[in-house]
Amino acid sequence: MIKGVAGMILWVDLSAGTCQVEAVPESVYEHYLAGIGLAAYYLYRRIPAIAEALGPENVLAFVPGLLTGTGAMMTGRWMVAGKSPLTGTWGDANCGGTLAPAIKSAGYDGIFFSGISAKPVYLYVDHNRAELRDAGELWGKDARETETLIQASNQGKPLQVACIGPAGEKLSLIAGIVNDQGRMAARSGLGAVMGSKRLKALAIKGSHPVMVADRESLKRLTTSFLKFAQFQPPFLNGKGVRLLGTVLGKLPLTMRQDGMLYKVLLKKWGTVSMNEFSIQTGDSPIRNWTGSNLDFDGKKAAGINPDKLLKRETGKYHCYSCPIGCGAICELSGREGDTHRPEYETVLALGGLLMNEDLDSLFEMNERLNRAGLDSISAGGVIAFAIECFERGILTSADTDGIVLKWGNSEAIMALMQKIIDREGIGDLLADGTKLAAKRIGKGSEEFAVNAGGQEPAMHDGRADPGFALHYAVEPTPGRHTVGSQLYYEMYRLWKRSRKVPKSPALFFSKNKRFKTNRYLAGMAAANSQFKMLIDATGLCLFGAFIGVDRIPVFEWLNAVTGWQKSPDEYLELGRQISSLRQAFNEKQGAPLRHKLNLRLVGMPPLTEGINKGRSVDLDAMVPLYWGLMGWNIATGQPVTADLAYVQQEGSV
Amino acid sequence: MAYTILESCTGCTLCARKCPVEAISGVRKELHHIDAAICIDCGVCGRVCAFHAILNPKGREAQRLRPEEWQKPSWSIQECVACNICVDICPTGSIGLWRNSSYPQDKDYPSDAPYLAYPETCIACAFCARDCPTGCISMQKQELTVG
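Heads up: the protein sequence lines correspond to chains P and S, in order. Every letter in the first sequence is one number past the one before it in the numbering used here, and letter 318, counting from 1, is 436. Every letter in the second sequence is one number past the one before it in the numbering used here, and letter 114, counting from 1, is 410.
Do not take every clue at face value.
[Unchecked claim] Examples of chain P residues lying across from chain S (beta carbon under 10 Å, computed):
id	residue
1	S232
2	A236
3	G324
4	P327
5	T341
6	L344
If you're looking for bench data, these hints aren't it; they were derived computationally from the structure. A virtual CB, placed ideally from N, CA and C, is assigned to each residue, including glycine.
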């Protein structure tokens, strides 16, 4: 067996109430590595075609990465995967925190749940046992209360807990899964799948060692990476970052970005370092994707200046094996208690997207969403949709129990958010995302329901970087912002390790070049998809990948850990195979292979002012180019038969 | 690889009580047994056995050490990158984060840095020092102080 993996997965049949250990054949790792690849292999094989996402046939997988627990840095991400009830497609969500190393050191490369329990349960796993325990007393508790209660009954090494809050229990299709008091695997609505299975939580600990083929090489690689991770010039402040965004936004040229700059910002402020920068460069959508930087400029955006968030910090937060520590614990205002610092996505989804400049409200909503276990991106999206419906008279205060919805009115926004969490009144109608809400409301409201294939897109605008729009449409998980964009390609620096990928963009180039349709840009997208699937198989953090592959030695770590001698191109091919498998999953489930985007996401019609004025994205020509470079059918996006030969073989699993 | 128990075991149960992963089974006053599939080679059984009944994975007799002689972790905090690997690897949960401690927070000791929160449960396995990517943990026999 290769090193770095446990070689075992745990299957939990919730209908029967049983836990069974299953050995994973070595050839599975050779074809799909671990992490998301392992999940894709078993979910493709074990979930029957056209399965009901909230039914017993759906399988929910929790997987750490191949590099998790080996000593490779920034590899503490865990993923949850299953069929998404929100989009009907392959669903996955990625989270940091503490769960990934716990699964690995409990002796598993993944924990898979099937069936539906008759009563609420939680899974308890320690070094020697795995069992389902009664969760009657936990049901109804919020995510932080749940974790604290489970922890209270534990002795010795702490348990690492992932759980759903009330949103998942109430089957809100935008519910996520919460770890370590507020980190969330939020996307794809997989919290609802957990709720449908009456699985409240996983509580895991163990001390099984993770074997490494060449520990000396691994340590040497890690030491050399740490020089980059720790490089931290002190000269930037929050206003400076905003100014940088303004300059880059106004220039007709754009500059190839280096992820080291982002790393420096992350270490100081976390993801919120990009708040104003992103508004200035047109990356962040405003007012339900109808506004521009001009609508949320100056004084308004100053409310979310990174320095203001920094002032609330009481301590830094690092996910497992991360020297950067982009998280923080912050004070709440006006009441006792703390909260994980709101992330960029949360601040902009509940800030600029709703024209809300009230920072206190952002902290409060962040904490309430974390406790409820609700995705803040989708929550922001669906509230923006409701405000626009209200503004246009499609919803009235009779529908909202008297709440007068208005852009930027933080009290009304908070009141509506609470209704969504509680599924009360209008909240019940909105709690399943914009697509279903528009279907329920009708009256032409689909036009304002900004979603990609049913999922609310993240706070990254394809009208500023068309790579985002392309990935929103073609990733097996629609609306996904964490796989690729042209900017991401610049930061991954794959050309430093592979000659097959598109070469480096010039240091300065015309912004219009981003909007062309050509094989070069499609090649970037294909390389992004392949690389991101590789790193999701390893457990590496996206922000680690942004540092660039010539500085974060992910390919070299993989060889040192497994004992393989594979080239970066061979690893990228494994990433492509994982992508093909997720695509095949969608095909098997009868889900579309190209997702329908709300027209605002591609600039139809284009904005009439602001930094993204006049821009639209033509995906019709790009998608076939991308599919071709992924090795798929250029007309349909179907993976070719050869890609699926291994997974479709009759075999022991 | 695992530790093993010799016939000279008297069944005093001390090793079984100290083992952090419940790898040791046996009835009081009878020969105990270590399950090799569960053992994590932390060596605490050998450090506590008064009857020279424990062999280490190399087949040599494990040395008993009085608890006050045990070497426990100490951090060179300037070199620590707060990656939390030591917190996670500790089989007894003895390492905590400074920000969760009841000690006054100190600007020279980063809030996200680890410390030996429960010296009394530390079994001196040194896994933390072995896996620290910066080598900032040293194992020392010490009157334990924090920082």
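Status of the hints after comparison with the structure:
1. S232: violated (26 Å)
2. A236: violated (30 Å)
3. G324: Holds. Min distance 8 Å.
4. P327: With a minimum Cβ separation of about 6 Å from chain S (threshold 10 Å), the hint on P/P327 holds.
5. T341: P/T341 check passes; min Cβ-Cβ to chain S is 7 Å, inside 10 Å.
6. L344: holds (6 Å)
Comparing the model with each numbered hint stated earlier shows that hints 1 and 2 do not hold.
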